[in-house]
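Enquirer: Listed below, chain by chain, are the residues.
Number of protein chains: 4
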Amino acid sequence: MRYVEHIKINRKLSINELITLMGKIGVMGCGRLSRAVDILEEMIKDKDCKVFFGQAGAMIPGGMRNIISGFIKDDFVDVFVTTGATLTHDLIEALGYRYEIGRYDVDDVKLYKKGKDRMWDSYMPNKAYESLEDFFEKYWDEFSSCKKINALVWKIGSKLKDKNSVLFNCYKKKIPVFCPAIADSGIGLMIWGRKARGKKIFIDAFDDMNDIIDIAWTSKKSGVFYIGGGVPKNFIQQAMQVSPKKSGLGVQITTDKAEFGGSSGASLKEGISWGKMSHKGKFVDVYLDATIALPLIYGALKEKGL
Amino acid sequence: MRYVEHIKINRKLSINELITLMGKIGVMGCGRLSRAVDILEEMIKDKDCKVFFGQAGAMIPGGMRNIISGFIKDDFVDVFVTTGATLTHDLIEALGYRYEIGRYDVDDVKLYKKGKDRMWDSYMPNKAYESLEDFFEKYWDEFSSCKKINALVWKIGSKLKDKNSVLFNCYKKKIPVFCPAIADSGIGLMIWGRKARGKKIFIDAFDDMNDIIDIAWTSKKSGVFYIGGGVPKNFIQQAMQVSPKKSGLGVQITTDKAEFGGSSGASLKEGISWGKMSHKGKFVDVYLDATIALPLIYGALKEKGL
Amino acid sequence: MRYVEHIKINRKLSINELITLMGKIGVMGCGRLSRAVDILEEMIKDKDCKVFFGQAGAMIPGGMRNIISGFIKDDFVDVFVTTGATLTHDLIEALGYRYEIGRYDVDDVKLYKKGKDRMWDSYMPNKAYESLEDFFEKYWDEFSSCKKINALVWKIGSKLKDKNSVLFNCYKKKIPVFCPAIADSGIGLMIWGRKARGKKIFIDAFDDMNDIIDIAWTSKKSGVFYIGGGVPKNFIQQAMQVSPKKSGLGVQITTDKAEFGGSSGASLKEGISWGKMSHKGKFVDVYLDATIALPLIYGALKEKGL
Amino acid sequence: MRYVEHIKINRKLSINELITLMGKIGVMGCGRLSRAVDILEEMIKDKDCKVFFGQAGAMIPGGMRNIISGFIKDDFVDVFVTTGATLTHDLIEALGYRYEIGRYDVDDVKLYKKGKDRMWDSYMPNKAYESLEDFFEKYWDEFSSCKKINALVWKIGSKLKDKNSVLFNCYKKKIPVFCPAIADSGIGLMIWGRKARGKKIFIDAFDDMNDIIDIAWTSKKSGVFYIGGGVPKNFIQQAMQVSPKKSGLGVQITTDKAEFGGSSGASLKEGISWGKMSHKGKFVDVYLDATIALPLIYGALKEKGL
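Top line first, the protein sequences correspond to chains E, X, W and F. Residue numbering for the first sequence follows the working numbering, starting at 3 and increasing by one per position. Residue numbering for the second sequence follows the working numbering, starting at 3 and increasing by one per position. Residue numbering for the third sequence follows the working numbering, starting at 3 and increasing by one per position. Residue numbering for the fourth sequence follows the working numbering, starting at 3 and increasing by one per position.
Hints in this document: simulated from the structure, not taken from any laboratory. Predicted, not measured: the structure shown is a model, and the values here were computed from it. Please note that the accuracy of each hint is not assured.
Since the list gives no way to pick one copy over another, a pair counts as held whenever it fits inside one copy or between any two copies.
[Stated by the list, open to error] Here are the simulated BS3-like pairs of lysine-lysine, each with C-alpha atoms no more than 25 Å apart in a straight line: (1) Lys201 x Lys161; (2) Lys176 x Lys165; (3) Lys116 x Lys174; (4) Lys175 x Lys150; (5) Lys282 x Lys304; (6) Lys282 x Lys47; (7) Lys163 x Lys52; (8) Lys304 x Lys10; (9) Lys161 x Lys115; (10) Lys304 x Lys14; (11) Lys197 x Lys10; (12) Lys140 x Lys112; (13) Lys271 x Lys52; (14) Lys140 x Lys165; (15) Lys52 x Lys259; (16) Lys161 x Lys140; (17) Lys282 x Lys201; (18) Lys115 x Lys247; (19) Lys197 x Lys174; (20) Lys112 x Lys165; (21) Lys10 x Lys140; (22) Lys150 x Lys197; (23) Lys129 x Lys306; (24) Lys197 x Lys282; (25) Lys26 x Lys129; (26) Lys116 x Lys75; (27) Lys282 x Lys14.
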């Protein structure tokens, strides 16, 4: 039997000191957050374990760009699966734009007239689409030579000079990036626009599956780390399902709920029934805003010397 | 000024009689649900208005298959955007399997051993994958001749005889189906498996964009109806964004929340800032379990004679 | 094994016909809602079963007044536990005021200046406090003779002529009303105001406990029905805990979540560990907006002839 | 215009260094959390500002006892309003019991047989009720001489020697404690049990209102800090409503939602319409698990030298 040990703060604490105290509580949200750090530490430290990072949600307009890049730069993850929106949001900053601190209780008609695209209380400058056009125009020959989504993503990353960019760092570190629904994004729109004007590019909708499943199949062990749900989570879970080695370590940060039956809110444990997760794995679901979870987790991992 | 009129039930009420009473309350969840029916009625009745239906979440394991098919069969919608999971779940029933009524608080290891894939409290028989294999084997020549995702989806539908199937009805009624992340599904796995064994199929990841944007571009008016968020919602919103005619009517059924900044939980009103929604549109966000919302909405629409 | 039977709607359905179809689905939200009606039917029909109804949340500004009164008038419940806010909201309508259909995205300063007290998108006229003052002034002698909270509540109800009033109907049907936190309400303010001006009233903070626990103790069987959580739910659960007969039937409608550890979001099943709920009871937690759940449930029960 | 500055962590960070970086993001959850610390700092530092702390939820079984006691010991708050459950949970630890780290997915019948009362994944030993009985027996003469709830609470605190106890510290620091629904708790049960056996105690249900409203009325300024909603939040808001000085600073940590209309989920801004909050106040609603929010906020405040 272990007992709840109440957190006592009587001096300046570092992030990891706090996370460690939370682990002594062991229950509710703080216990789960601490357990998430432990499980992530285990999967990162284990050289035989491939770490699959699935990320959805407006993390870059929410200030998490350096943290996500940090996971890449520090070799914390081996595979990155994300949404077209995240890649577009990252590219927009790499092209020199920034997200503005705004409000959610505003007149959206006024924002429209000012060219500010709202994501809750963060605004993206609509003018960024013009720079996206120029960027795709400039590198179109190289982009249109790509045959797979992940090849295109790396190619885009290779053209960037922004050292904080997720795209740039994935390219530089040769971390495979999967984005099955890339058509559903600003990047997709750039490709649509060119195809509509008669330009050619042939990217297969299914070829990336082979690459991610190969990694899952050939890994000695695997761990999963999910921020939000959606396609990124499910695409990794699916790779686990068809691989002989199930995921034995898992961390999920979510604000969705299991009781409505969707994949985004499903507990990691549910994946056992499908053959996605290992029967004796260590999993934790953390019900927490990812813009708060990510800095705490990354800060704690760095402080542990990873 | 309008006042809240409390619902009074002193006789047997039909669904639409109840929804109408909810409209007299006008506030909170019941007011929103009633307003959703009114807005849907308006978009369906207006012959100039194209209705885009975006659906995510485990609706078919949740018993909503006939309702979704009903929306298709009754010409309530002009475009259907969904997840690969929904298409796979539908196909599995068309191949003769059924979802089992289960529990969520179970031993997932035992379920795994029994071949039951759990989605909250609904179980899918894992054996269904074998029939999927046979089905894809049988029709591979035709499937592999498809060049677009929406063509493949219709081709799959054309092979089914199940009159309740969403796939069958979309094919029969020639309702375009978009599924940008189809690789992320059981159907995707069937294609991956064949490609991995050297079979050929070339489906472009971006070509469907042209089709949905064309429909949005050439519509005199448009309306949107979202169940859940994810790629289906965003893919429609994106088509609206690049079209000159913004969506003037919108209904969203969601259990997600706006305050975490993601697209799934974003209010329809937020879309105004992006140029996705019309400045003077009628929109309603309904915070409700879709397995309860869908039968009420569909039942009310049918009763209104639509 | 029971299978999910998809809802098919091809004719005008009554509320209970729909709820019955939802029961054939058996899973997710619609399955739970249908099960809730079955469990409520069982507890209401069983003459040996005392039904404890705990209700929190702004149900009267949300249009649920007649439904709640209906539960009382129709002898569906034996004990009513609620918040001071609900009693005050009911009294305000009994005094001739109404709730206005408003908006949630408004300038609250403007509302303040117009004397409109906002509850999400429903407004209460601030002037109602003046009528509350008059009402308490008029009947103060009688009110101040009460020794228990439940006696005061009945006394208030006895002065009303509004046949739709919850207070009036509880008095008329002699349904005991418990409201442990009555001080935390507009009614509480009326009493505070008079005490502050030197008037006398002595109402014991603990005496009502005896009455509710007596009812729980002497019941052959008991059932619980919770709308929202808070004090009303916990006060009933506590009465069950100290009684030899635990609650064997339970329905909870909630939008709260279990994972944060509070009583409001706790599953009914958790009550077994405390000795509040019976080991073999039938319980269901329904995750649903109560302004949608209540009319559906009440309508179905009425249609079943209860 | 201020822009989102992405958090960069390249060295060991203290809690407040992280919170300060979150403030530079300025949007979404992390921006709100940082703003909460700033607003709390302002209300604590301002000697003219009375700080009203309303706390609901199972914070003590969740490991937050020392943090809550810390807010009291450090003179961060002037008034404490809580639930009977929190006071009982605190008393149980003061009597020598501890909360056990458990699981939520367990057989509650087994827990019942082992005498473990579950709150999500934290267990309370049911035997604690025996010590509560002894404690109330021992001090009954003094307890039964109390005429107000807040006097009883201080009296209980005066009998404790546990320096980490919330009850002990409120007594020692002479921080008024309000608990309108104290009957709804284990402490309430102890009093009920004695009254049922013929012992006498007369505690008025309304007298405490005078005390809290007096503090609100005579404060030059006031600030509010809410953890969870329920009666504690509403009881403070009500005191603000009837006082001439509205609350100009406010922080709310909640996992509830505004759209269902209840007081617990209502935004602080809504309080402006009621005359509870100041027209030009600084308020922030933080959507966050309180077991994560509290240590971060308290740690940051301490590090700032408060």
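Enquirer: Hint by hint, say whether it matches the structure.
Expert: Quick rundown of the hints versus the structure:
no.: 1; hint: Lys201 x Lys161; verdict: within (20 Å within a copy, 34 Å between copies)
no.: 2; hint: Lys176 x Lys165; verdict: within (15 Å within a copy, 48 Å between copies)
no.: 3; hint: Lys116 x Lys174; verdict: neither (36 Å within a copy, 45 Å between copies)
no.: 4; hint: Lys175 x Lys150; verdict: within (18 Å within a copy, 33 Å between copies)
no.: 5; hint: Lys282 x Lys304; verdict: neither (28 Å within a copy, 41 Å between copies)
no.: 6; hint: Lys282 x Lys47; verdict: within (19 Å within a copy, 47 Å between copies)
no.: 7; hint: Lys163 x Lys52; verdict: neither (28 Å within a copy, 43 Å between copies)
no.: 8; hint: Lys304 x Lys10; verdict: both (23 Å within a copy, 12 Å between copies)
no.: 9; hint: Lys161 x Lys115; verdict: neither (32 Å within a copy, 49 Å between copies)
no.: 10; hint: Lys304 x Lys14; verdict: both (18 Å within a copy, 7 Å between copies)
no.: 11; hint: Lys197 x Lys10; verdict: neither (61 Å within a copy, 38 Å between copies)
no.: 12; hint: Lys140 x Lys112; verdict: neither (33 Å within a copy, 52 Å between copies)
no.: 13; hint: Lys271 x Lys52; verdict: within (19 Å within a copy, 39 Å between copies)
no.: 14; hint: Lys140 x Lys165; verdict: within (21 Å within a copy, 50 Å between copies)
no.: 15; hint: Lys52 x Lys259; verdict: neither (27 Å within a copy, 32 Å between copies)
no.: 16; hint: Lys161 x Lys140; verdict: within (10 Å within a copy, 45 Å between copies)
no.: 17; hint: Lys282 x Lys201; verdict: neither (51 Å within a copy, 37 Å between copies)
no.: 18; hint: Lys115 x Lys247; verdict: between (53 Å within a copy, 16 Å between copies)
no.: 19; hint: Lys197 x Lys174; verdict: neither (29 Å within a copy, 29 Å between copies)
no.: 20; hint: Lys112 x Lys165; verdict: neither (34 Å within a copy, 48 Å between copies)
no.: 21; hint: Lys10 x Lys140; verdict: neither (57 Å within a copy, 31 Å between copies)
no.: 22; hint: Lys150 x Lys197; verdict: both (16 Å within a copy, 14 Å between copies)
no.: 23; hint: Lys129 x Lys306; verdict: neither (42 Å within a copy, 40 Å between copies)
no.: 24; hint: Lys197 x Lys282; verdict: neither (49 Å within a copy, 33 Å between copies)
no.: 25; hint: Lys26 x Lys129; verdict: between (49 Å within a copy, 23 Å between copies)
no.: 26; hint: Lys116 x Lys75; verdict: neither (36 Å within a copy, 42 Å between copies)
no.: 27; hint: Lys282 x Lys14; verdict: neither (38 Å within a copy, 34 Å between copies)
In terms of the numbered hints stated before, the structure departs from hints 3, 5, 7, 9, 11, 12, 15, 17, 19, 20, 21, 23, 24, 26 and 27, listed from lowest to highest.
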